[in-house]
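Visitor: Chain by chain, the residues run as shown.
4 protein chains.
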Amino acid sequence: MKVGLMGFGKTGKAVASVILKNEKMKLEWVIRKSEILEQRSVSEFLGENIEDQGRIYSIQKIRISKLLDEHPVDVIIDFSSEEGIHYYGEEAVKRKIKIISAVSHYDNKIIQKLKNYSKKTAVFWSPNITIGVNYLIIATKFLRKIAPDIDMVILEEHFKEKLEVSGTAKVIAENLNIDHTEIKSTRAGGIIGKHEIICGFPFQTVRLTHESIAREAFGNGVVFVAENLEEKTKGFFSFEELLLPYFSDRYN
Amino acid sequence: MKVGLMGFGKTGKAVASVILKNEKMKLEWVIRKSEILEQRSVSEFLGENIEDQGRIYSIQKIRISKLLDEHPVDVIIDFSSEEGIHYYGEEAVKRKIKIISAVSHYDNKIIQKLKNYSKKTAVFWSPNITIGVNYLIIATKFLRKIAPDIDMVILEEHFKEKLEVSGTAKVIAENLNIDHTEIKSTRAGGIIGKHEIICGFPFQTVRLTHESIAREAFGNGVVFVAENLEEKTKGFFSFEELLLPYFSDRYN
Amino acid sequence: MKVGLMGFGKTGKAVASVILKNEKMKLEWVIRKSEILEQRSVSEFLGENIEDQGRIYSIQKIRISKLLDEHPVDVIIDFSSEEGIHYYGEEAVKRKIKIISAVSHYDNKIIQKLKNYSKKTAVFWSPNITIGVNYLIIATKFLRKIAPDIDMVILEEHFKEKLEVSGTAKVIAENLNIDHTEIKSTRAGGIIGKHEIICGFPFQTVRLTHESIAREAFGNGVVFVAENLEEKTKGFFSFEELLLPYFSDRYN
Amino acid sequence: MKVGLMGFGKTGKAVASVILKNEKMKLEWVIRKSEILEQRSVSEFLGENIEDQGRIYSIQKIRISKLLDEHPVDVIIDFSSEEGIHYYGEEAVKRKIKIISAVSHYDNKIIQKLKNYSKKTAVFWSPNITIGVNYLIIATKFLRKIAPDIDMVILEEHFKEKLEVSGTAKVIAENLNIDHTEIKSTRAGGIIGKHEIICGFPFQTVRLTHESIAREAFGNGVVFVAENLEEKTKGFFSFEELLLPYFSDRYN
Chain A
0 MKVGLMGFGK TGKAVASVIL KNEKMKLEWV IRKSEILEQR SVSEFLGENI EDQGRIYSIQ
60 KIRISKLLDE HPVDVIIDFS SEEGIHYYGE EAVKRKIKII SAVSHYDNKI IQKLKNYSKK
120 TAVFWSPNIT IGVNYLIIAT KFLRKIAPDI DMVILEEHFK EKLEVSGTAK VIAENLNIDH
180 TEIKSTRAGG IIGKHEIICG FPFQTVRLTH ESIAREAFGN GVVFVAENLE EKTKGFFSFE
240 ELLLPYFSDR YN
Chain B
0 MKVGLMGFGK TGKAVASVIL KNEKMKLEWV IRKSEILEQR SVSEFLGENI EDQGRIYSIQ
60 KIRISKLLDE HPVDVIIDFS SEEGIHYYGE EAVKRKIKII SAVSHYDNKI IQKLKNYSKK
120 TAVFWSPNIT IGVNYLIIAT KFLRKIAPDI DMVILEEHFK EKLEVSGTAK VIAENLNIDH
180 TEIKSTRAGG IIGKHEIICG FPFQTVRLTH ESIAREAFGN GVVFVAENLE EKTKGFFSFE
240 ELLLPYFSDR YN
Chain C
0 MKVGLMGFGK TGKAVASVIL KNEKMKLEWV IRKSEILEQR SVSEFLGENI EDQGRIYSIQ
60 KIRISKLLDE HPVDVIIDFS SEEGIHYYGE EAVKRKIKII SAVSHYDNKI IQKLKNYSKK
120 TAVFWSPNIT IGVNYLIIAT KFLRKIAPDI DMVILEEHFK EKLEVSGTAK VIAENLNIDH
180 TEIKSTRAGG IIGKHEIICG FPFQTVRLTH ESIAREAFGN GVVFVAENLE EKTKGFFSFE
240 ELLLPYFSDR YN
Chain D
0 MKVGLMGFGK TGKAVASVIL KNEKMKLEWV IRKSEILEQR SVSEFLGENI EDQGRIYSIQ
60 KIRISKLLDE HPVDVIIDFS SEEGIHYYGE EAVKRKIKII SAVSHYDNKI IQKLKNYSKK
120 TAVFWSPNIT IGVNYLIIAT KFLRKIAPDI DMVILEEHFK EKLEVSGTAK VIAENLNIDH
180 TEIKSTRAGG IIGKHEIICG FPFQTVRLTH ESIAREAFGN GVVFVAENLE EKTKGFFSFE
240 ELLLPYFSDR YN
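Protein chains in written order, with numbering that gives the first Met the number 0: chain A, 0 to 251; chain B, 0 to 251; chain C, 0 to 251; chain D, 0 to 251.
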């Protein structure tokens, strides 16, 4: 699977390092805003001891059509920003390249655009692209079905500098119909990231907890998504839709 | 739903107190080994401020056929011991009374007998009849399917006096193909009971935790099982079989 | 050590059961508001299989001077309410009986009164009389001295019905100069009681956690306090003052 | 305070980065085994945006006396190996340079040597030089004094590849007289490092937990030790000895 990557910030770099190590994937190029690192090789830049892979381009310096002519890909992975899609969207659809976006927020107009794209190619979007968090959401949804009356509270802990309530916590809350006042945010020191869903029964408590260790978790999420999109040719997918089949006894 | 209860130790009493408060259930009788409390009323004995319910009998003093003639039930709930089934089994099958057993261990001969019974009536058996623990097992099975390579370790904590490894931890281990050396047992003070499954990914950690608060959790488990057996007329059921349908998107 | 107990609600009963089992203590009497149980024996009522101990009296039926003439005690333990002290205070001082109060709140006038009493007898007051919580407060105070810049957040979890913020959490916050907005309260199901102080360093996190199992913990706190007051003849003591000497290397 | 650093592996680098950012410290040099990076500047190598600091030398290329003549220091920090002390020990003592060693193990002969050195200069050694872990040990020692009968169990969690039981867990166990069988080791995925001491009372549980986020925690430990050694001119110190004064009310 040939891969193009949009975005090369801290998370983009971590995702690139995971793709580089994955045997089924080949990183063809990275597009980033900054012109620093222009034309350098990702594998060399990240110091990975592997065959040379992934040329870095600045979005200002190369048109997407030229890039795709010279370096065709099967899937574009987007860790850039809300605007990234404008650069590659139309061309991706034209060439039936799959889109995997982990952009944290899109306004409705862009979501509509993605849905239109999805009539012609497979489009995936998840604001949190880790297996762990998405598993937590679905697993807890099922617990809610089993025991509709239990109380649910979300604890989230992050480093002191993170000001706002965790976006992941909000997504969990919305998926589980938990009131936002039931998100309890702790900001202390250098905590990387922890989310815990407390499920209170009268005589027992169930806790589902996710602890982040490193941004590379997003890379593993991308690999999982790419593998599970392999046989899809079109359609608009969330992480939930890709995970749900695993929860069915039909697949045992 | 008319209910008969086998066993009136600490757990049996806690289960009885939950049944007494459940509006859809009526406790008809309790059978216990000891002759103490003979003929007393369960609701009065437990000090529940409700309509008089549940006469207590000693297994030595009354035959099951006489008991069922005078106080017919729809379901027999068994918190006694491995031998309990010999007292009521045949008669339950004859009268198509459902059997819900939470006995912690049966040898193969008895399991075979239960399976024979299940050709004529609905038979349920689970050595741990809490929703929480059984949910944990199934939810983690699905995580294993999603991410077959993650490491799994089971932590269990109980009060100092509990000598052996927790039976629940062993059941979790067997269900998840976790080696028994990966069960880490803590014995300290008066800890009621905690089970945690640590699921280690390279860059993230997922934890599923169950904390016991009181034995009444078994009562709520019984209520859940009884409700979910309501439309079954025969068959041999585990907790997993009753929970699985909730995990399917077909039921959303 | 002969003991009188004020208050016989849920906590009073749990405290009584611990005192009954303590070999160095003898429960002489219990005073309670209600007239139910009047004149019954505590050991018999609680079903403890020990020598008959502790007569139960209603506060309306017996004067403290008569009670103390007939059943003298070395220490009065108060788990009643703010008003309890008016019943026994003057008489306790006159007879140099020690006072151990676990009443959750006193207004300033009463605190002043207690301080006056403490010029003549040993008076102890702590709104949370468990070893665990008080240890947590002091241990964390020392951590604050060691690392003044760390971030501290308090998590507290209790059963759904507990409406207000935990008083213990507030006491922890005041002792550690933590803003009350940094108390994160979770209310879910039947959680008995959990307090966690998260201490966030830039590159490590320290957590001090206290989990309640049963009200008997208050009884063990009382025993600890009584033993540590043994050689005090006067003075006003908090739990902190009794614990501090254990934290000194001089006592190693 | 002028500082020399022995060792420039992963931990050495993290410690260097903390020293570079500390305003009271100046990193004069780093000594390492490898000849790679010879003569490069630490601040430049680590990409820290500060005044040029810290020249890197290989142990093969420069004698300690020449190094100290040209770049005198007040303290030598040792994150190398058991042999490191042979390189700088004698010369440090002669020049009354303080020694702060975080080497994980020394045999008795070397410990004796360090003690001899400590008659002439201040020598500090701790196999785990984080504030958090050392605080945990002392705080729990005091809890043991307060409640000698409680049960203590140590949980430690680390990444899959860490084969042996955590050395820190062993140090905790030895300090608290906990049997080594009561260390429960979990190896799963990429867990950075977690130590938890469970203190079980009959009716309550206290947990002291330390979670590692990054190796820089060792750097902050070094800074703390250096500051607390400032007024010591000789003597052999452990982390415990430096922390103990903070636990005394005399210092309030």
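Simulated from the structure, these hints should not be mistaken for laboratory data.
It should be emphasised that the depicted structure is a prediction, and the values quoted were computed from it without experimental measurement.
Possibly wrong hints are sitting among the right ones.
As the list claims (entries may be wrong) - Quick list of in silico lysine to aspartate or glutamate cross-link-like pairs, EDC-like style, CA-CA up to 16 Å:
| no. | chain 1 | residue 1 | chain 2 | residue 2 |
| --- | --- | --- | --- | --- |
| 1 | A | K159 | C | E239 |
| 2 | B | K161 | D | D150 |
| 3 | B | K144 | A | E226 |
| 4 | C | K144 | D | E239 |
| 5 | A | K20 | A | E47 |
| 6 | D | K193 | D | E239 |
| 7 | A | K12 | A | E37 |
Visitor: Indicate, hint by hint, whether the structure satisfies it.
Guide: Hints versus structure:
1. A:K159 - C:E239: Not OK: K159 of chain A and E239 of chain C at ~30 Å, beyond 16 Å, violated.
2. B:K161 - D:D150: Distance of about 13 Å is within 16 Å: holds.
3. B:K144 - A:E226: Between K144 of chain B and E226 of chain A the Cα gap is close to 14 Å, so the pair holds against 16 Å.
4. C:K144 - D:E239: Distance ~15 Å between K144 of chain C and E239 of chain D Cα, so the pair holds.
5. A:K20 - A:E47: Holds, at about 8 Å.
6. D:K193 - D:E239: violated (20 Å)
7. A:K12 - A:E37: holds (15 Å)
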